[in-house]
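Given these sequences and hints, build the entire structure.
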Amino acid sequence: GQQVMQIPQYQHVQEGEDFTTYCNSSTTLSNIQWYKQRPGGHPVFLIQLVKSGEVKKQKRLTFQFGEAKKNSSLHITATQTTDVGTYFCAGGTGKLIFGQGTTLQVKP
Amino acid sequence: NAGVTQTPKFQVLKTGQSMTLQCAQDMNHNSMYWYRQDPGMGLRLIYYSASEGTTDKGEVPNGYNVSRLNKREFSLRLESAAPSQTSVYFCASREIASSSYNEQFFGPGTRLTVL
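Chains as they are written, first to last, in the working numbering: chain A, 187 to 294; chain B, 38 to 152.
Calculated directly from the structure, the hints in this document are not laboratory data.
All of these numbers come straight from a predicted model, not from anything done at the bench.
Be aware that one or more of the hints could be misleading.
What the hints assert, rightly or not - Partial chain A-side listing against chain B, Cβ under 8 Å, derived:
id, residue
1, K281
2, G287
3, Q291
Just so you know, even glycine gets a beta-carbon here, dropped at the ideal spot from N, CA and C.
Now the structure itself:
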């Protein structure tokens, strides 16, 4: 079945450093979604990418969808302590398949 | 608008006990989902209901049953709880499963411990 892999599993950065998480699917995706889960909280939708090669920005966050629509990345510029949490990618239409997530820790 | 609500928030069971996790959404969404979250495993789909009256297995359905009671409510039942079912359970809803443009809204979760 379809698998969605994310790397790295954990990342510790100093506040102000950049951060990137990568997502790879075993199959071509019709779209990819990104979610953020704060410690002790529930996943919250961030964004969806649909087109091949699409790039979207939300303030310091940049999301990319690969040309082959099998991979995606989330890049955070100049991390802040408010960025702490686990970031998930998810692909699929009828039922979303989630990656394992990347947990980001930010040291002030 | 409460969004997606789940009850209970916490539960401790003994092995072999049964219980039902309740989920309700007030967004008039067609599709509802149950996930479990374990450390390092991400969110794994247990069961989902693409629309009222239908249910389908996800990645990890063994040991669970579901009921789509009506459009608003989707319950998850553990008939005979096992320690391996200790997890955080999230319910989610989505407007239309077949569309490519719908985000999922998650409930606050139920933290279940099976002793």
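Hints versus structure:
At its closest, the beta carbon of A/K281 sits 5 Å from a beta carbon of chain B; the interface hint therefore holds under the 8 Å criterion. The restraint placing A/G287 at the interface with chain B holds, with a minimum CB-CB distance near 5 Å, inside the 8 Å limit. Restraint check, A/Q291 versus chain B: the minimum CB separation of about 15 Å is more than 8 Å; hint violated.
The structure is inconsistent with hint 3 alone, although it conforms to all the rest.
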